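S.K.: Chains as they are written, first to last, in the working numbering: chain A, 126 to 502; chain B, 2 to 396.
Simulated from the structure, these hints should not be mistaken for lab results. These figures come from a predicted structure and were not determined experimentally. Don't take each hint at face value.
In silico negatives: residues of chain B with every beta carbon more than 12 Å from chain A [stated by the list, open to error]:
#1 TRP160
#2 THR176
#3 ASN179
#4 LEU231
#5 ARG334
#6 ALA387
Derived coverage of chain A by chain B (criterion: at least 3 residues anywhere in the stretch with Cβ under 8 Å from a Cβ of chain B; other residues may be distant) [said to hold, decoys possible]:
#7 410-418
#8 421-429
#9 432-439
C-beta: ideal position from N, C-alpha, C; glycine also.
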Amino acid sequence: MEFGFSQEQQEVRELARKILSEQVSAASLAAYDEFRSPRFDTALWQQLLSAGLPAVALEQRYGGMGFGFMELALFIEEVGRSIAPLPAIAHCVAAMLPIQQFGSEAMKEAILPAAATGELLLTAALAEHLNDDPAEPHTLTASADGDGLVLSGSKTAVPFAAQAGRILLAARTADGVAVVLLDPAAAGVTLTPLQVTTFEPQCEVTLASVRVAAADIITGADGSRIMRWIAERSIAATCAHQLGAADCAMRMAASYTSERKQFEVPVATFQAVGHRMADCYIDVECLRLATYQAVSLLGSDVGATTEVQIAKIWAGDTGHRVSYATQHVHGGTGIDRDYPLWRYCLWLRHNEMTLGCSAAHVARLGRRLAAGEALFS
Amino acid sequence: MNIQFTERQLALRDELRAYFATLMTPELVAECERDMGEGGGPLWRDALRQMGRDGWIGVGWPEAWGGRGMTPLEQFIFVEEIMRAGYPFPFLTTESVGPMLAEHGNDWIKRELVPKILMGDLLIAIGYSEPGAGTDLASLKTSAVRDGDDWVINGQKMWTSLAHFCDYTWLAVRTDPNAPKKHRGISMFLVPNTDPGWSCTPVHTLGGVRTNATFYDNIRVSNDHLVGELHGGWKLITGQLNRERLSLINFGPVSQLFNQVVRWAGRAQLAAGGRVIDQPWVQQNLGRCRALIECMKLIVYKQSWAMTEGVLEMADASAAKVYGSEGFIEIYRMLGEIVGQAGLVRAGCAQTTAEAGKLERLYRTASIITFGGGANEIQRDIISAAGLWMPRASR
Chain A
126 MEFGFSQEQQ EVRELARKIL SEQVSAASLA AYDEFRSPRF DTALWQQLLS
176 AGLPAVALEQ RYGGMGFGFM ELALFIEEVG RSIAPLPAIA HCVAAMLPIQ
226 QFGSEAMKEA ILPAAATGEL LLTAALAEHL NDDPAEPHTL TASADGDGLV
276 LSGSKTAVPF AAQAGRILLA ARTADGVAVV LLDPAAAGVT LTPLQVTTFE
326 PQCEVTLASV RVAAADIITG ADGSRIMRWI AERSIAATCA HQLGAADCAM
376 RMAASYTSER KQFEVPVATF QAVGHRMADC YIDVECLRLA TYQAVSLLGS
426 DVGATTEVQI AKIWAGDTGH RVSYATQHVH GGTGIDRDYP LWRYCLWLRH
476 NEMTLGCSAA HVARLGRRLA AGEALFS
Chain B
2 MNIQFTERQL ALRDELRAYF ATLMTPELVA ECERDMGEGG GPLWRDALRQ
52 MGRDGWIGVG WPEAWGGRGM TPLEQFIFVE EIMRAGYPFP FLTTESVGPM
102 LAEHGNDWIK RELVPKILMG DLLIAIGYSE PGAGTDLASL KTSAVRDGDD
152 WVINGQKMWT SLAHFCDYTW LAVRTDPNAP KKHRGISMFL VPNTDPGWSC
202 TPVHTLGGVR TNATFYDNIR VSNDHLVGEL HGGWKLITGQ LNRERLSLIN
252 FGPVSQLFNQ VVRWAGRAQL AAGGRVIDQP WVQQNLGRCR ALIECMKLIV
302 YKQSWAMTEG VLEMADASAA KVYGSEGFIE IYRMLGEIVG QAGLVRAGCA
352 QTTAEAGKLE RLYRTASIIT FGGGANEIQR DIISAAGLWM PRASR
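Isolated chain A, as found in the complex (with noise of 0.2 Å):
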């Protein structure tokens, strides 16, 4: 048991970090305000490129850098700490992990190699209208055609769809259930923007007998397994991304309460103003334990779906929690739009209701539990 962190673990922080902290900032994030130009920072993306974090986690013959999940998941807890206008999530996790893990080595050596130096931007569908489970999508269908197959049907709050080469989806077939790189060029295929919370571009993605080639089909039938795969991970992801963007508000609010006077003292003094303050520390370090422990399992291929399913009860838990908790003890300043807390309450809120809330998960673990999974050893 190792709860330290590996020298190269050490190096992907601190160099994410350093490169996040000098590039991002509110006045930088202020520009994608209100939908003002779309929330993606492509200078700040090609820097990150360049030094090889995004592909961290990709095989070195596809361009990547050959670590594991640890690694990409501590890049993306650096992206969440400075909230950074990046596909980190939908493009590194998402995607060009499941093509690499699942992907026939044609298509990895037409898409990898692209993805890792940014010509290709790539995202995943994970998610339909009223449908909380990846892996078994309904609202999106394929029938076979020839070789290829094509597809009709919707999927909702797609990340980064206008502005990526390719998106992962998952489609339903007769007997089972397709994954496919589609091109979001192709024929028959609408976007629709959708105005997020955050203002992360997204969009609604309608297809109308869609065809897609052979060539980029993942698998035909076997998809619950590959989506399941793909969702574990990125709601890992989300929880790593969630761990950053609360420790840094929580780190906020304990400076501004340590400077804020009232009563001529710092409002830090007052027990009831420290205690909320600890109370989001514990919170953020059981998401922090939580989310490591399922990353960890997932990095070595153990199965983690119970870890999982608590990293994101905690990751919901401690976004709801910590929003209020920062906002409140900042008093009027913590939603003051020149302060920047505000778009971290957004993030909280974002990662919370993402991939799953607290209670799905809850209900989820309660019904393994129920058929005898998920008990301690």
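Fit chain B to the given chain A structure using the hints.
M.R.: Then chain B, alone, in the frame of chain A:
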């Protein structure tokens, strides 16, 4: 970062489970039940000595002390497993005072007392609180006065748990009444509970657990009984409390209880038909408890690792204590809701089950560690100051 036990640690855990399955005879279990999960009975003492002889109490201690030379993580696995087995382990002696004595004791203490702790032959109670000194511990009045080569001790302590069957009390006393800051005038002594000037009266608590008021009437001890530096007791107290806070949070018994309630709810049929566990609210309670206990486990694993690496943070020890103590109460409530009426029936009554009987009692004992071992308000002060660098109000 790799949060999994090694093969050797898993093998140790299995070995301990088998060992305790043999050690916990029905007679010993019955005696422990009778003693309200506190221990102190003759079979309990025999079992403790047996564990000492078998080299388990000091599994994570250096071999020079008579230990097995493994790390705090193996020591932690041992304590979790023994608590899980239902043996009231005297962890205050072995896990908190013992290591302080090994680190700060004089030659006599290191030679005569510490090895006996690891052999299961010596038990130590903790004497801090007084009628007028609780959270503000540094205002304590029990005194030690120099008389020739000896010290003469007078005063009264409260909540001296286990003292009625312990051999010594780890006693905080005032040695310098004129110290400019009151916590600088405190020293630590080991006082023999066999001294004629030592007496105690029981204090009975909500949970049925006995604690004590203890009295120190002109107890004369040699200078050998002073632990650490004269007037230097405060840092020994805080060091011991840091260790105590970690030992208070055991997820072994609570994870065991959780599994028992899950299995019960999977078997038990509702009067109207259907399993208890198929009710959505029951699954919700179980899911919540599962997530809560998981982080309790991770927090204590991390701290055992941090102790092994020598990087234990004060804020994290306090966070473990607050999270664990308040978490236990939440878990007992949610599991108690599931067992329902049976959770209001005393253990041993034919109409209840083992897990429901436990939950009846746990409701009554659970509050102790939110204030015991340092009130959670003080722990939150420590977390905001040491963990988040927030300034504290002067007191």
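S.K.: Against the structure, test the hints numbered earlier, and report the numbers of the ones violated in rising order.
M.R.: When the structure is compared with the hints, only number 6 turns out to be violated.
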